[in-house]
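Sequential numbering of the sequence shown, starting at 1, is according to our numbering.
These are calculated hints, taken from the structure and not from any lab test. In this text, all values refer to a predicted model and were calculated from it rather than measured experimentally. Be a bit skeptical, because a hint or two may be false.
Calculated cross-link-like contacts (lysine to any residue; reagent style SDA-like; alpha-carbon spacing at most 20 Å) [as the list claims (entries may be wrong)]:
#1 Lys356 <-> Ile96
#2 Lys19 <-> Glu294
#3 Lys330 <-> Arg17
#4 Lys166 <-> Ala151
#5 Lys68 <-> Leu54
#6 Lys364 <-> Tyr89
#7 Lys401 <-> Gln183
#8 Lys166 <-> Phe148
#9 Lys61 <-> Tyr89
#10 Lys301 <-> Glu229
#11 Lys364 <-> Glu90
#12 Lys356 <-> Asn121
#13 Lys364 <-> Lys415
#14 Lys284 <-> Gly157
#15 Lys427 <-> Ile46
#16 Lys230 <-> Leu287
#17 Lys147 <-> Asp429
#18 Lys109 <-> Asp355
#19 Lys109 <-> Ile46
#20 Lys430 <-> Arg127
#21 Lys284 <-> Arg303
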Amino acid sequence: MSYKKKSTRTVKPGRKREKWTDLFPRYLTFISHMRPILRETRRIIINLDADLLLDTEILDKIRQEEEKRNIRKVRALSEFSAMYRSNIYEIIKDFIIKYREKIPIIDIKDYIVDFLFEAVNALNVLRHITNPDEANLEDTYLYNITKFIEARLFPRGANLKIIYEKLLKFSQNFSECQRHTLQPHTYYREKLESPDFFEIPGISPKVYQISNNIISLYNLDPNFGEFPEKENYEIPMILKSDIFLPYIDSIANAEEEAMESIAERLGLRLIDNIFLAPNEDLVKILLDNNFLRENKQSDGKVRLYPQFSNETLLLYYLAFASQRRGFLSKELINWISMNFAFLIYMGILKWKLSDKNILYPIFKDLQTNEKVLPYLMKLICFPNYLGLDKMKIRDSPQYRKEIFNFMGAEIDNLKNLISDIADFCEKFDKERKNN
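Assemble the whole structure, with the sequences as input and the hints as a guide.
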């Protein structure tokens with residue numbers, strides 16, 4: 001007599017933890033279909049008499065014939081391939097129409113072939129961005145580019161001071177990128193009063209405003225009180241009520257714990273439940289980096305005067321989040337991994353495509369990004385890369401569109417970083433070929 005053994009599991013099964021070998025093939029799925037379409041289009045243009053390009057209806061007929069030949073695909077791939085091919089041909093047609101009265105058609109053909117060649121090369125790098133079995137990481141684009149960005153925006157270190165100083169090293173050139181890393185555009189989903197005290201959210205506009213107000217009060221008119229950990233020293237303090245009272249309703253519904261959490265992430269502490277003062281770790285960091293200056297008073301006590309920059313407390317928050325990356329909120333993990341994936345993707349495109357390449361828009365199109373970047377986001381969450389909890393990456397298409405809409409917000413700092421990534425890729429590629 002057969003029977004089914006009753007399960008002894010008492011906990012509801014959660015979502016399956018995806019392995020590298022599960023995710024990498026999914027990442028490759030659409031890239032593996034984009035590249036042949038570009039290669040085939042390039043072959044067709046090369047073999048086509050230049051004069052025939054003047055009649056754009058010929059391109060429509062060629063595209064229709066190509067679509068008929070590609071019928072053995074699942075529906076999602078078939079629809080994506082049709083969309084992708086159609087966009088390529090529309091871009092080529094627009095280019096021909098725009099310049100056929102200004103540039104000889106033979107030169108237009110050469111430009112189109114060059115643009116397609118660059119695009120194929122870019123996809124070739126994206127296709128071989130890492131190894132299927134995660135072997136020889138130090139020799140892969142994904143590992144090296146991730147570490148290049150990580151050093152500037154989300155570094156690791158043995159303690160907060162080391163991480164803070166790594167961030168400070170790049171702050172002059174990338175302060176906007178560092179701030180952007182902390183400010184998810186889905187901040188409205190965060191719950192500052194969450195009972196999970198250990199979960200670190202991103203910075204909402206209100207918290208960003210609080211940070212700026214704290215810095216202003218410290219620099220303009222602070223109080224001074226005893227430094228609990230060091231005798232004969234006085235540290236700057238500001239009234240908690242001056243900072244938090246205006247925001248009670250909109251931030252935390254008068255919950256003290258939420259206020260204390262915000263203060264802790266900014267490197268501050270409550271003294272006598274009245275004053276906000278820098279904690280011991282922050283004081284050491286500030287002294288070593290000249291954000292506090294010592295002034296000996298007539299009574300023999302040393303008073304520490306603040307001279308904060310706009311980024312002083314935000315860098316501490318970012319260092320704090322980086323050190324405790326295992327405790328980040330779902331929103332912050334999605335935001336950080338999305339930005340890293342976007343920077344890697346755009347850095348490779350910047351390296352391989354000339355600035356005038358007409359195919360840039362198709363790579364940046366939301367329909368293309370949502371097929372490639374979600375899997376890239378998960379890959380860079382693995383321990384050898386960012387070490388974030390990839391189980392918190394949202395798979396909802398609506399949510400993806402929501403965060404992708406803010407990708408590459410028009411920040412010059414991000415554009416500069418993308419250019420630096422492209423230069424790094426060029427250098428890394430040459431070194432790899434020479435070894």
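Do the hints match the structure? See the list:
1. Lys356 <-> Ile96: 14 Å, holds
2. Lys19 <-> Glu294: 53 Å, violated
3. Lys330 <-> Arg17: 16 Å, holds
4. Lys166 <-> Ala151: Roughly 7 Å between the alpha carbons, so the hint for Lys166 and Ala151 holds.
5. Lys68 <-> Leu54: Not OK: Lys68 and Leu54 at ~24 Å, beyond 20 Å, violated.
6. Lys364 <-> Tyr89: 16 Å, holds
7. Lys401 <-> Gln183: 17 Å, holds
8. Lys166 <-> Phe148: Cα-Cα ~12 Å, so holds.
9. Lys61 <-> Tyr89: Holds: Lys61 and Tyr89 sit about 11 Å apart, inside 20 Å.
10. Lys301 <-> Glu229: 14 Å, holds
11. Lys364 <-> Glu90: Satisfied, since the Cα-Cα distance of roughly 16 Å is no more than 20 Å.
12. Lys356 <-> Asn121: This hinted pair holds, its Cα atoms lying about 16 Å apart.
13. Lys364 <-> Lys415: Given pair Lys364, Lys415 holds - Cα atoms ~14 Å apart, limit 20 Å.
14. Lys284 <-> Gly157: Distance ~16 Å between Lys284 and Gly157 Cα, so the pair holds.
15. Lys427 <-> Ile46: 31 Å, violated
16. Lys230 <-> Leu287: With a Cα-Cα distance of about 14 Å, the restraint between Lys230 and Leu287 holds, given a limit of 20 Å.
17. Lys147 <-> Asp429: 15 Å, holds
18. Lys109 <-> Asp355: 18 Å, holds
19. Lys109 <-> Ile46: 8 Å, holds
20. Lys430 <-> Arg127: 18 Å, holds
21. Lys284 <-> Arg303: 14 Å, holds
In terms of the numbered hints stated before, the structure departs from hints 2, 5 and 15, listed from lowest to highest.
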